[in-house]
Amino acid sequence: MAKRDVPPRWDRRMQQRLARGEAAALGELYDRFASLVHGLAHRVLGDERAADNITREVFVHIWEHPDSYDSQQGPLRTWVAALTQRLAVQRLRATETATLAREGSGTTEELERRVRRASVAARADYIVQSMPVPLRSALERAYFQRRDYHQTAADLGITEEEARRRLRLGLQLLSTAHDSEAPGAPPGYGGAA
Amino acid sequence: MNGPDRFEAYDDHEGEDSHEELGGHEKRDNIRNENGIRDERRESGPGGPGPGDEQGAGDRQPPQIPMPRASVEDGSLPLPAPPPPVRPVLEHPVLKSLLGAWALAACPAEEAAAVESHLGECGACADEARRLREAVGLLQRPESLDLDPGLRTRVLESCLERRPPRVPVPDWAVAYDAETARLDALLQDFGDAEWHAPVRLRWFRGDEPTSRRTTVAGVIAHLLSVDGLVAVALGLDDPLGDVASPHPTPAARTEAYWRASHFPPTRAVRVPWREQSHRLVRTVSFTGGGFDGTRVRYGDFELPLHDAMLDRAFECWVHAEDIADAVDYPFDPPSPRHLHRMIDLAARMLPIALAHRRSTGLAAPARQRLVAAGEPGRSLRLEIEGSGGGEWLIPLDSPAAKGSAEHEVAHVALDGVEFCHLAAGHVPPQEAAAGQVGDKEAIRDVLFAAASLSRM
Chain A
1 MAKRDVPPRW DRRMQQRLAR GEAAALGELY DRFASLVHGL AHRVLGDERA
51 ADNITREVFV HIWEHPDSYD SQQGPLRTWV AALTQRLAVQ RLRATETATL
101 AREGSGTTEE LERRVRRASV AARADYIVQS MPVPLRSALE RAYFQRRDYH
151 QTAADLGITE EEARRRLRLG LQLLSTAHDS EAPGAPPGYG GAA
Chain B
1 MNGPDRFEAY DDHEGEDSHE ELGGHEKRDN IRNENGIRDE RRESGPGGPG
51 PGDEQGAGDR QPPQIPMPRA SVEDGSLPLP APPPPVRPVL EHPVLKSLLG
101 AWALAACPAE EAAAVESHLG ECGACADEAR RLREAVGLLQ RPESLDLDPG
151 LRTRVLESCL ERRPPRVPVP DWAVAYDAET ARLDALLQDF GDAEWHAPVR
201 LRWFRGDEPT SRRTTVAGVI AHLLSVDGLV AVALGLDDPL GDVASPHPTP
251 AARTEAYWRA SHFPPTRAVR VPWREQSHRL VRTVSFTGGG FDGTRVRYGD
301 FELPLHDAML DRAFECWVHA EDIADAVDYP FDPPSPRHLH RMIDLAARML
351 PIALAHRRST GLAAPARQRL VAAGEPGRSL RLEIEGSGGG EWLIPLDSPA
401 AKGSAEHEVA HVALDGVEFC HLAAGHVPPQ EAAAGQVGDK EAIRDVLFAA
451 ASLSRM
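Chains as they are written, first to last, in full-length UniProt numbering: chain A, 1 to 193; chain B, 1 to 456.
Mixed in with the good hints, there may be bad ones.
Reference listing, derived: stretches of chain A covered by chain B, where coverage requires no fewer than 3 residues with Cβ under 8 Å from a Cβ of chain B [to be verified]: (1) 19 to 28; (2) 32 to 45; (3) 51 to 64; (4) 120 to 133; (5) 149 to 162; (6) 168 to 178.
Only part of the chain A face toward chain B is listed, based on derived beta-carbon distances under 8 Å [as the list claims (entries may be wrong)]: (7) 139; (8) 142; (9) 143; (10) 144; (11) 165.
Rather than coming from a laboratory, the hints here were simulated on the basis of the structure. Quantities reported herein were computed from a predicted structural model and do not represent experimental measurements. Heads up, the beta-carbon is just placed ideally off N, CA and C, and yes, glycines get one too.
Okay, chain A solo, but in the shape it has when bound (with noise of 0.2 Å):
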């Protein structure tokens, strides 16, 4: 479950208790972040290893630079989603670079796309992640579960303009993953980078 409910202040004293080099800090940082952490980059990368590698150098990362996050430009958890993806692309881009170079198959805009699906795939997990729960359970009863928008509605205990709006809206900010400035730019929730 997202942990949004986290106030802003969490976030300024843990970047206060990283950058005096509290080793303590560095643990609850990594519980509350590392499942977030390692599914973004397990979307984007599709592999296990590689994930654990990421994983790996988004915290070290931070532990090393904990100022380069700027609270006033919005929540940890958004930056450290962000910073996660562009390490993510990076590597993917890297690999697939070099398998084409290797193998000479396939071409540059193939790669590009595969890349940019991959960063949007896990920018789309993120805003799930991260959406109000009213919207998220509407969602997940719609469509994982099948069910039409009355029965949401009544499994929800909601009306069913009600249902029909946070189904609206869920989808709304969901579509919102396909936006970013150019394919495996740093993408853009909340100006984080």
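With chain A fixed as given, assemble chain B onto it according to the hints.
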């Protein structure tokens, strides 16, 4: 409501802070052909898998992969469901509000048909419908989030090598940090059914096995209550708060905590437990050296802070195993390094447990009544096999005596995890699969003493 602003629903509601997280709300007119994620989870929707072309949508090349379920006006395929004889007459705002449900194939057939016929007439709705259909293709089941439990240690070690910490976690607290993190990760995806799954806590009282029924949430409440003894010793808040416990023992505190809540513990107990465990690690990191003389009182005995943290790591693992068993999840033993420290603690506590048993008539009387403190005495060689193992010489006649190879009267060999299960009261001493040589009485006394280390 029928303007080109496709995001009014977004803007009107849901004041939560996800706005910032989701970022950029610029106009989104450049996305049409950027799909390419195939929706593999649904066989078909009311629109059916369409050709996915969007001729006239812009100047980009057509997508390589068909759209999951193209809007009806985009494709030439007939509707899979025949239109019902009478269509409900719906107004634009209602039709528009149906777009999400329609894109998800979550509309009854007649409403879907009404939406589709509207899309042929209303460009704004058609645009949004296309966009929402694309979004459906992005919905994916969350990946299994079972992280390799060893990854945490590896990642943290990499970090700390690259930039040594100014405030390290003391090495005697690392096992507690790791075990609480492993348990927390196990709890991560638990639903209500798991939180309320029955668990039987088992331990030894005297020489008899005993048990107490609770739930997964009840076990976490137990860990919270007993970890609280360390919190109190460090001057932190007692998680029991105003709840009075008749005795400061682990069992009494737990029972008091359970009794004080009107309802059985729920998943809500996870956060205070986790916050307290983080606070303990943090506090001993800052003041580790300053607590050298600190002892943690368990009511009928006490331990130095370092050992108490190890003891809590051990209990956390044992109860994590109880929980994992209850919900049928796999759960590995601690890393060899941490396991070794836990075994070492139990081995060091054995002479005291033996003396206690002797004083209550449960163990055979000492053979050598006068072993001076620090002098070698009759000993049992405890050989622990497997990773994390080692050898310990357990003085038999007095906790003050020194274990001695020359005075070895018995030798017991046993697997490390098995020994821990014995010390946790989860394996009866009679059944501990031990290789045994030498004085049978001494062996029996030591195995029973190991079981007597267990408590709720």
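Results for each hint:
1. Restraint check on the region 19 to 28 of chain A versus chain B: 9 residues with Cβ-Cβ distances below 8 Å, three needed, restraint holds.
2. Remark: the region 32 to 45 of chain A is confirmed as covered by chain B, as 6 of its residues place a Cβ nearer than 8 Å to a Cβ of that chain, reaching the required three.
3. Counting residues of the region 51 to 64 of chain A whose beta-carbon sits less than 8 Å from any beta-carbon of chain B gives 7, enough to reach three: the coverage restraint holds.
4. With 10 residues carrying a beta carbon less than 8 Å from a beta carbon of chain B, the region 120 to 133 of chain A meets the three-residue requirement, and the given coverage holds.
5. Counting residues of the region 149 to 162 of chain A whose C-beta lies closer than 8 Å to any C-beta of chain B gives 4; at least three are required, and the coverage claim holds.
6. As drawn, the region 168 to 178 of chain A meets chain B at 11 residues by the rule of a beta-carbon pair under 8 Å; at three or more, the given contact holds.
7. Checking residue 139/A against chain B by beta carbon gives a least distance of about 7 Å; that is within 8 Å, so the hint holds.
8. A least Cβ separation of about 4 Å between residue 142/A and chain B falls short of the 8 Å threshold, and the interface hint therefore holds.
9. Among the interface hints, the one on residue 143/A holds; its C-beta lies about 5 Å from the nearest C-beta in chain B, closer than the 8 Å criterion.
10. Satisfaction of the interface hint for residue 144/A is found here, the shortest Cβ-Cβ separation to chain B being roughly 7 Å, below the 8 Å cut-off.
11. For residue 165/A, the shortest C-beta to C-beta distance to chain B is roughly 6 Å, which falls under 8 Å, so the interface hint holds.
Comparing the model with each earlier hint shows no violations; every hint is respected.
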